[in-house]
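Chains as they are written, first to last, in full-length UniProt numbering: chain A, 1 to 286; chain B, 1 to 286; chain C, 1 to 286; chain D, 1 to 286.
If you are wondering where the hints come from, they were derived from the structure by calculation, not from laboratory data. Heads up, the beta-carbon is just placed ideally off N, CA and C, and yes, glycines get one too. Among the clues, some could well be false.
[Said to hold, decoys possible] Here are the computed lysine to any residue pairs in the SDA-like style, where the Cα-Cα straight-line distance is at most 25 Å: (1) B:Lys98 to C:Phe132; (2) C:Lys89 to B:Val248; (3) A:Lys131 to D:Lys150; (4) D:Lys131 to A:Glu36; (5) A:Lys281 to B:Val202; (6) D:Lys90 to D:Trp110; (7) B:Lys131 to C:Ala4; (8) C:Lys131 to B:Cys13; (9) C:Lys89 to B:Lys156; (10) D:Lys156 to D:Val168; (11) D:Lys98 to A:Ser112; (12) B:Lys281 to A:Val252; (13) C:Lys205 to D:Lys131; (14) D:Lys98 to A:Lys98; (15) D:Lys98 to A:Glu134; (16) A:Lys165 to A:His141; (17) A:Lys98 to A:Lys131; (18) D:Lys150 to D:Val168; (19) C:Lys281 to A:Glu36; (20) B:Lys156 to B:Gln209; (21) B:Lys90 to B:Ser76; (22) A:Lys89 to D:Ser245; (23) B:Lys205 to C:Ala4; (24) C:Lys281 to C:Phe132; (25) D:Lys205 to C:Lys205; (26) C:Lys98 to B:Asp162; (27) D:Lys131 to A:Gln111; (28) C:Lys205 to B:Val128.
[Stated by the list, open to error] Calculated from the model, a selection of chain B residues having no Cβ within reach of chain C, i.e. all distances over 12 Å: (29) Lys98; (30) Ala151; (31) Glu212; (32) Tyr254; (33) Ala261.
There are 4 protein chains.
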Amino acid sequence: MSSARHYTLTLSCPDRVGIVAAVSTFVANHQGWIVEAQHHADRVAERFFMRQEILAESLPFGIEAFREQFAPIAESFQMEWNITDSVQKKRVVILVSKLEHCLYDLLSRWQSSELDVEIPCVISNHDVFRKFVEWHEIPFHYVPVTPTTKADAFDKVMHLFDNVKGDVMILARYMQVLSPEMCDRYSGRIINIHHSFLPSFVGAKPYHQAYERGVKLTGATCHYVTADLDAGPIIEQDVIRIDHSDSVDDLVRYGKDIEKAVLARGLRYHVEDRVLVHGNKTVVFR
Amino acid sequence: MSSARHYTLTLSCPDRVGIVAAVSTFVANHQGWIVEAQHHADRVAERFFMRQEILAESLPFGIEAFREQFAPIAESFQMEWNITDSVQKKRVVILVSKLEHCLYDLLSRWQSSELDVEIPCVISNHDVFRKFVEWHEIPFHYVPVTPTTKADAFDKVMHLFDNVKGDVMILARYMQVLSPEMCDRYSGRIINIHHSFLPSFVGAKPYHQAYERGVKLTGATCHYVTADLDAGPIIEQDVIRIDHSDSVDDLVRYGKDIEKAVLARGLRYHVEDRVLVHGNKTVVFR
Amino acid sequence: MSSARHYTLTLSCPDRVGIVAAVSTFVANHQGWIVEAQHHADRVAERFFMRQEILAESLPFGIEAFREQFAPIAESFQMEWNITDSVQKKRVVILVSKLEHCLYDLLSRWQSSELDVEIPCVISNHDVFRKFVEWHEIPFHYVPVTPTTKADAFDKVMHLFDNVKGDVMILARYMQVLSPEMCDRYSGRIINIHHSFLPSFVGAKPYHQAYERGVKLTGATCHYVTADLDAGPIIEQDVIRIDHSDSVDDLVRYGKDIEKAVLARGLRYHVEDRVLVHGNKTVVFR
Amino acid sequence: MSSARHYTLTLSCPDRVGIVAAVSTFVANHQGWIVEAQHHADRVAERFFMRQEILAESLPFGIEAFREQFAPIAESFQMEWNITDSVQKKRVVILVSKLEHCLYDLLSRWQSSELDVEIPCVISNHDVFRKFVEWHEIPFHYVPVTPTTKADAFDKVMHLFDNVKGDVMILARYMQVLSPEMCDRYSGRIINIHHSFLPSFVGAKPYHQAYERGVKLTGATCHYVTADLDAGPIIEQDVIRIDHSDSVDDLVRYGKDIEKAVLARGLRYHVEDRVLVHGNKTVVFR
């Protein structure tokens, strides 16, 4: 990602001749300087995907004018498209339970500006990380969840998220299954880190499942949340080697390192508009 | 593995005080030189596993005398145990279909003595690799398998295997589901390479399944064959990174490299008596 | 890589506005269907790199007409450029010594058409693989190399290579240091597999060096050969985990698997025109 | 590592018959329950290495009596040996500069008890992390280092370390080259994380060096500090894949994740007495 101010244009459309020519000619005609460009033609889906980073100062107009002038091209190719401005930092709301590792890791990256986002608040169903979060001068909201209060609690979470104009919700080991309504409402905007190499070991206690099955690698998966548990589009995955001498506790410990790295990579891809979803799969222009 | 002649003692038994002391004192009292030793105490199963390589020439007696003299110790600890002599090379029968990569790879390793085994024959349900195998001066048996002749074909395979006194049968992408009887009869002696990271993508066409699910890593699993399809004890696994730009054909191509490496490692562990099976899991003393 | 006949256009030039627009408009104006496209802007070198696969049948003319009509565009952007036709298979000459693993692996991939090239001959300074190579119906040339005959031997190798119109020469563990003249003459056309993770362990006996240093991973590097030993542009690398229990022989054994995979990937990138060299670095459009 | 109180016995000695028998018989005669045991015979150095975890409550005596009674055995085999008690947590002093990632990561692991040590203080040559460290209720010492005050500063660091009875000093990206005296004085007790896959890219700015060389993987190395810069015994290493599109900043970002994971693994091996140093190499009983 360029550190200079830039617009990021992402699009997908039915594949045909002339898409790149049309887009790049439009950009070139306005003297737009492309710092990064990626294409992908999915031959099975017969669909074309594209991402371009254009230096803002190289263009003679702003993002709104870009939208207006680009719209006819987009229409003629039946594009689904989006353009974002790098000065508008994404607003990331973190949901966390009692496990600290992903929270520490995300705040560490945010603190050092490696993760170039705003964190308007952290929401938790436990009150344990209040002081740690507040030390970072980030508001902390304690929203307990019990079997009987679940619906109300999720309403409160959505209210908080909407209130801070959240762009993306991170389930940083939140350990609660969201309601189908919530998954639909924020489709493509809720990211979960699951502590297994999906589709292996869906659901509860994946490290125990992995131990029982005797696998020789353990992993983690960062994916968009859908109403179908642990079955949403996968953004990023990784694994680490284990062996017979490793207990469930060892798997948990190894797994935490993978979870942190995979979640951080997946979140970065998302906030840099590198992930395009199509059906239940992702194109990740890393 | 020591290149000098050695005995390999493997054992497992209920865990208790004094197992290592008893075994190592027995070996030391006969001036046995241990070149490699591994232990594992499974705290969940409360079972102890051990492997020792002892230089043959350091002992005053042969393997039969070892067996006799060690038997009382083994009995007192309720050991399941085995001892092998490195001069008795394992006899590995390879079953193959029309895919060449695992066959080439195994013969390459055998040719260079990296894989220190005998290959008394190769069996295939197609006649395509006859000349290639025979060029290596290894007998080749063509045993066609059709839906109606399956039982007879497997009988013939078992007959061929028994006839050459096979120690282990390798399904090097054999692409046939063995009968439950065959799986039971050679329990712990049939090794399969499955082209996915199990337990993900059991059964047919795992690369297609992986492509559909949009995973970001593809893998392979080397495991003992049981009557339960692709569910036997896992010996070795590995993965390689893929992305959205990879077609099913690309997955097949990447996967072949993982299959070869994983099968070769798993087979080596097996023939060097590094794998101890307990329930549906393995202890692999690499 | 598309299996349908296609042209692969690769180019690099000083970075500026309008390159992609010019190239893609040229292609689109002739109804060229782009099946794969990659770009890279090197901000340090201020240079732009591009690769496109265009379906041959979508264009109204052949590769010669393409060259003629594209030349003015190339000139106006000061491009270094090349276009190849997928029906013209690359001619790969393999040089080998007494180590079998890379040779077996390459021939296995060639045999199964995974590696879609012609192998006009294999050249070796030992006569050990003659029969194996000839069994594949590939000519085998035995060109012994001694300290006193080295210059003559290399002349003979160059003569053989030129004679079969070789496109690329593979040092598949050839174990001979080529002359600077030979490196210059075939610049960017000789690929070596070095058995370490370069720049660690340059020169002779890298596995011994790695053992002495006590590293925890061992690797291999596929690179273009230059007159500067093991210092040419790197195409591909990989590593595998080792530990204190691994002897030099174990490192050799683990390393072979990495060598094979890394050489095969690097060679594929090269023959599919995915590698663009700039200075001593490569852009690899995988 | 067992969570129940245990003693960890580590030893090395010239290899010969009877070592394991002597040690395990001693332990068994006192009803010692061994929960974990590892051996390694280095055939080149002709030296034997061993580690055992013994349940404290299974023995009829304490650690001092163990030391006394075991001493004659140790002497007869010329052992270098050590025994530690798991209730005596290791005291880890962290030295840090202005880079936050390793500090956050270590404190996160300490906070959650994954890293089961005491952190008596953090020392830094910058004052930036005072509040963050103190929030964790860990004393923070600001010891500035300038070219002229270096000797005094290091004296102060040593004084602080000795004062809190530090067991091990962690250079968590401390960015200062220690004096040879300091390296000698705490031999085997200072651990550094170097941001390259050693022995590649020794010294300053390894990510820049890696970028210039065009490597396809970047890594990190956790090692004991010796007077010879970046050349001490290696404890742990790992790598991550990069490509031509990654800038130096990208390498730094990817590298941080590897640094954190590698330092955490290396430190855990050290504090659990899993690392035995011999010459410039380590035996790591993971």
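Comparing the hints with the structure gives:
1. A hinted pair counts as satisfied when its Cα atoms are at most 25 Å apart, and lysine 98 (chain B) with phenylalanine 132 (chain C) qualifies at roughly 20 Å.
2. For the hint linking lysine 89 (chain C) to valine 248 (chain B), the alpha-carbon distance of about 23 Å falls within 25 Å, and the restraint holds.
3. With a CA separation close to 37 Å, the supplied pair lysine 131 (chain A) and lysine 150 (chain D) exceeds the 25 Å bound.
4. Between the alpha carbons of lysine 131 (chain D) and glutamate 36 (chain A) the distance comes to roughly 39 Å, so the proposed pair goes past 25 Å and is violated.
5. Simply put, lysine 281 (chain A) and valine 202 (chain B) have alpha-carbon atoms about 20 Å apart, close enough for the 25 Å limit, and the pair holds.
6. Pair hint lysine 90 (chain D) plus tryptophan 110 (chain D) holds up; C-alpha atoms about 12 Å apart against a cutoff of 25 Å.
7. Restraint check for lysine 131 (chain B) and alanine 4 (chain C): not satisfied, since their Cα atoms lie roughly 32 Å apart, outside the 25 Å limit.
8. Among the hinted pairs, lysine 131 (chain C) with cysteine 13 (chain B) is inconsistent with the structure: their alpha-carbon atoms are about 51 Å apart, more than 25 Å.
9. A C-alpha spacing of about 43 Å is found between lysine 89 (chain C) and lysine 156 (chain B), which places the hinted pair above 25 Å, so the restraint is violated.
10. Our distance criterion of 25 Å between C-alpha atoms is met by lysine 156 (chain D) and valine 168 (chain D), whose separation comes to about 16 Å.
11. Distance hint between lysine 98 (chain D) and serine 112 (chain A) is fulfilled; the C-alpha atoms sit about 10 Å from each other, no more than 25 Å.
12. Proposed proximity of lysine 281 (chain B) and valine 252 (chain A) is supported: the alpha carbons are some 19 Å apart, at most 25 Å.
13. Between the alpha carbons of lysine 205 (chain C) and lysine 131 (chain D) the distance comes to roughly 51 Å, so the proposed pair goes past 25 Å and is violated.
14. Under the criterion of a C-alpha separation no larger than 25 Å, the hint pairing lysine 98 (chain D) with lysine 98 (chain A) is inconsistent with the structure, at around 29 Å.
15. Distance restraint check for lysine 98 (chain D) and glutamate 134 (chain A): the Cα-Cα separation of roughly 22 Å lies within the 25 Å cut-off, and the hinted pair is therefore satisfied.
16. A threshold of 25 Å between alpha carbons decides the hint, and for lysine 165 (chain A) with histidine 141 (chain A) the separation of about 15 Å falls inside it, so the pair holds.
17. With a CA separation close to 13 Å, the supplied pair lysine 98 (chain A) and lysine 131 (chain A) stays within the 25 Å bound.
18. A hinted pair counts as satisfied when its Cα atoms are at most 25 Å apart, and lysine 150 (chain D) with valine 168 (chain D) qualifies at roughly 21 Å.
19. Annotation: proposed proximity of lysine 281 (chain C) to glutamate 36 (chain A) holds, straight-line Cα distance about 19 Å (limit 25 Å).
20. Proposed proximity of lysine 156 (chain B) and glutamine 209 (chain B) is contradicted: the alpha carbons are some 33 Å apart, above 25 Å.
21. Restraint check for lysine 90 (chain B) and serine 76 (chain B): not satisfied, since their Cα atoms lie roughly 30 Å apart, outside the 25 Å limit.
22. Annotation: proposed proximity of lysine 89 (chain A) to serine 245 (chain D) holds, straight-line Cα distance about 23 Å (limit 25 Å).
23. In summary, the hint linking lysine 205 (chain B) to alanine 4 (chain C) is supported, as the alpha carbons are separated by about 24 Å, within the 25 Å threshold.
24. Restraint check: the Cα-Cα separation between lysine 281 (chain C) and phenylalanine 132 (chain C) comes to about 36 Å, which exceeds 25 Å; the hinted pair is violated.
25. Under the criterion of a C-alpha separation no larger than 25 Å, the hint pairing lysine 205 (chain D) with lysine 205 (chain C) is inconsistent with the structure, at around 28 Å.
26. For the hint linking lysine 98 (chain C) to aspartate 162 (chain B), the alpha-carbon distance of about 36 Å lies beyond 25 Å, and the restraint is violated.
27. Taking the CA atoms of lysine 131 (chain D) and glutamine 111 (chain A), the gap is about 13 Å. The hint holds against a cut of 25 Å.
28. Among the hinted pairs, lysine 205 (chain C) with valine 128 (chain B) is inconsistent with the structure: their alpha-carbon atoms are about 39 Å apart, more than 25 Å.
29. Look at lysine 98 (chain B): its CB is around 10 Å from the nearest CB on chain C, not clear of 12 Å, so calling it non-interface is violated.
30. The non-interface label for alanine 151 (chain B) is consistent with chain C: the shortest C-beta to C-beta separation is roughly 31 Å, beyond 12 Å.
31. Even its closest Cβ contact with chain C, about 21 Å, leaves glutamate 212 (chain B) beyond 12 Å, as expected for a residue assigned away from the interface.
32. With a cut of 12 Å on Cβ distances, tyrosine 254 (chain B) falls inside the contact zone with chain C, its closest approach being about 9 Å.
33. Listed as outside the interface, alanine 261 (chain B) is inconsistent with that label: its C-beta sits roughly 5 Å from the nearest C-beta of chain C, within the 12 Å cut-off.
Violation of the numbered hints given earlier is confined to hints 3, 4, 7, 8, 9, 13, 14, 20, 21, 24, 25, 26, 28, 29, 32, 33; the remaining hints are satisfied by the structure.
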